[in-house]
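Visitor: Starting from the two chains in their separate frames, assemble the complex, guided by the hints.
Listed below, chain by chain, are the residues.
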Amino acid sequence: MSGSSTDRRVVIVGAGHAGGAVAAQLRQFGFAGPITLVGEEAYPPYQRPPLSKAWLKGEAGSETLLLRPADYYAGAGIELRLGATATALDREGRAVQLSDGSVYPYDSLILACGARPRTLPVPGAGLDGVLALRSIADADRLKAVLRPGLRLAIIGGGYIGLEVAASARHLGAEATVIERESRLLARVACPELSAFYADTHTARGVRFVLGAGVEALTGTAGQVCGVALSDGNVIACDAVLVGVGAQPNDELAQAAGLACDSGVVVDLEARTSDPAIFAIGDMTRRPLPLYGCTWRLESVPNALEQGKQAAAAITGRPAPAPEVPWFWSDQYEFKLQIAGLPIAADQVLIRGNAGSGRFAAFHLRSGAVVAVEAVNAPQEFMAGKLLIASQKPVDVAQLVDTGVPMKEVVASSAAVCA
Amino acid sequence: MTRIVFATADGGRHEVEADAGASVMEAAVGAGVPGITADCGGACSCATCHVHVDAQWLERVGAPEEHEAALLEFADNVGPFSRLSCQIQVSDELDGLALSVP
Ligand SMILES: Cc1cc2nc3c(=O)[nH]c(=O)nc-3n(C[C@H](O)[C@H](O)[C@H](O)COP(=O)(O)OP(=O)(O)OC[C@H]3O[C@@H](n4cnc5c(N)ncnc54)[C@H](O)[C@@H]3O)c2cc1C
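So the sequence lines, in the order shown, correspond to chains C and L. Count along the first sequence from 1, then add 6; that gives the number in my numbering. Count along the second sequence from 1, then add 201; that gives the number in my numbering.
It should be emphasised that the hints constitute simulated quantities derived from the structure, not laboratory data. Worth double-checking, as some hints may not be accurate.
Coverage of chain L stretches by chain C, computed from C-beta distances (three or more under 8 angstroms per stretch; other residues unrestricted) [what the hints assert, rightly or not]:
id, stretch
1, 245-252
2, 271-284
If you want the ones that stay clear, here's a sample from chain L, every Cβ over 10 angstroms from chain C, calculated [to be verified]:
id, residue
3, A210
4, G212
5, R214
6, H215
7, T238
8, Q257
9, W258
10, A264
11, H268
12, Q288
13, S292
14, L295
15, G297
Note that beta-carbon positions come from the ideal geometry of N, C-alpha and C, so glycine has one too.
Pulled out of the complex, with its shape left as it was, chain L reads as follows (with noise of 0.2 angstroms):
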């Protein structure tokens, strides 16, 4: 299990537990993060999902792919740390991850 630390907008702190392999969105929408909609469940078409990420896991986390990276370019609240959470694997060098979600 692979621990992942959600602070939304409204202030909340969630932790939540992922399965290695899954996703950071099943595993947020899982917990019922809120803020993750993940409205078309992973297929990297919405941007309902996005997060961002503490800068120090970014390096660990990785840039987004093109399709991605195009997609947030028109999310609201892009920064330079933002990812989809769909596209983010969860694995055992992840344990602790810390995100934000705008």
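Extracted from the complex, chain C is given alone in its bound form (with noise of 0.2 angstroms):
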């Protein structure tokens, strides 16, 4: 690494839960240097997760929302540049330019844009009442909305949706989630997972149609009423939230000209094409070496994994190992927790029982475990992780029968192939 760290200048664009988390990670790596992190939103870094679990609930304070409290940039000498978009790259000078005509030179620049929400491509998807959910502003109008009796369609059945639908029971509103597959988490997750969730949230008392088609958002006086699904019928509803996946902030990326893919393509040190920026989080599309794939990840632990990264790399420390990609979901009093990617699964193993609310999902790829979805099964999620990243094979035998602890498939798992 040329040059002290003291004169060298990094500048972040991005303030959210990746961009916070690296400027974090470059002064405990002990980076000197000047230090700019640049956000569009008007918060300091915040945390998502709660937003609709937690604190959509009124579970959680706002004040728990934040990464760090907002003091502790001024005091790790980071310049917090709040309200401020960045508006294109100068890779050539090595500079950013934001939205206030204000120029920000680099030696490093991290892009941490995130993601944002997918709109719905219908007729009516403007009206008044069609949420999606984000940021804090979003989620301040959906909290602002939500109350006994309020009936609200969620269009789309992932984790979002459920979570939103989850919470929205909670404070006594009706939901229905309309999905256009014919289970939940059909992208994500194993068809008993889908199950265990639908009746879980039947009995709480959601609704769901799925296999259905949106066609069009109906209104009167400019606000939503009714989503009219593609087999003529309409759901009557006050309010829609939209939960169909999010899509990259790449554009200020692609603009540049740096290599993106549906998200910036990036190596296992965090960098674009251009080895003076790197990319992290949501926005990034990332090397998996556990399952030979590229993947675009969407998930804390992956922004955080990546912050890692790209700190290591700049403050010129050896890139950290690679870890096993996770990710977890609170409905009701069921904790999921999710390891590794279904990736080619050729074989899904049950071990519990999903009738007792506690049970995982093994996915297996030939006999080495690829992912397991653990539904309030910490030691199964925990032992998951380690088997997902030793790639050896398990004994299914043990693997399915819940009287042999998971501590033990473990040890036998490293000793068969040892």
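Guide: Structure follows, in structure tokens:
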């Protein structure tokens, strides 16, 4: 690494989870040069997961959302430019231009622009009462409408949609989830998990319309009042939450000519096709060494891991060992923890039983665990992570036998091929 | 304000002022105590806010709940006094609490 770290300048674009984390990580790794963190939103870096869970239900206050106390940044010598949007990158001149006309030169640039909710390409999507959920501003709007008796139509049966359904029920609102696929979480979870969540939500009063295409949102006086389905049915509602996935904010990178493939392409140092520019978090397409492919992960652990990769590269440390991707979701009294990705899995084994509200689905490929979905089953999750990282075959009979502790399953898997 | 003292793996000592009602993890993250990354932000899902409670404080801090204990089983460097700091609530009684970060 050339030059002492005191005279190198880092600019971070995007003051979300990844941006906030990498700024702090650089300081923890001893980087002493100037750091500027530029963020479009009005808030210092905050956590989004509670926006559909504890915070939405009113169980966690707004002060718990911030990643670090607001005064942390000044104390750590990190310049926070909030309410400022980066509008262009000058790669030749190594500088970032902001919406207010100011220009920030950099030696290393870190893009951490996140993703934004996909919108519905149907008539009526712009009506009042049609909401999305990504930011505190979005969450404030959603919380303001959720009240007992409100009829909320949720378009999209993914994690955010289901978490909002659970929180809405907690607040006494009615919730109808409309999903295009024939089951919930179709793109991300095994059928057993889909069925478990369908049953759990149904028992708590959530209605489901599966296999349903949305034709239009209908309104009166500019306010949404229904979701028109392709089979001709209309679901009457007072508000709509659209939760149909997110798309990467990679336009700035594309305009600057960085390699993109629905997400900015990075390596395991989080470096883009320009060696002076890093990209981290939801906006990236990254290598997954355990799976031999690239992927766009949208999770906090991924944002943190890539933040570590970029901070290590900038401070001249060896790249950290790759981690097993993971994720969590809280709905009602059920804690779901997922590790790995079910890529090319050829077998799904269930340990425990869904009826007991405590079980895990292990996805195997050629006898080795590639993913685990664990409901109220923390041992299965933690052990699953170890098994995935080891890539070794597992004793299938032990794996499905709840009488055999997960520690033992891990130990015998390690022994088999040692 | 409650004073909490963290001994970190690099030999450092961090004295942190914490608000009653917050979690010990939140106090540590706010002060940037190395080794407490708290990836899941306090959802008791990840075991990256693991601490060892000094023996003399064990009784006041108490034992982990089932879910937390299960996560700890698989954490690195667990010991008999291991806890996840996101599950320890700061209170006046914990003034002076001594913890080490494995
Ligand atoms: C409701 C909800 C629940 C979630 N629950 C979970 C969960 O349980 N577990 C989990 O692991 N993950 C969860 N996630 C995902 C997780 O929050 C994201 O993976 C994480 O926030 C990614 O961090 P990021 O920094 O890449 O993006 P973000 O946190 O979105 O931050 C990007 C920031 O960059 C800003 N920005 C964009 N472009 C510019 C520009 N040109 N100039 C300046 N600023 C810019 C944006 O305004 C934003 O503030 C959830 C997400 C949501 C929305």
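Visitor: Which of the numbered hints above does this structure break?
Guide: 7, 11
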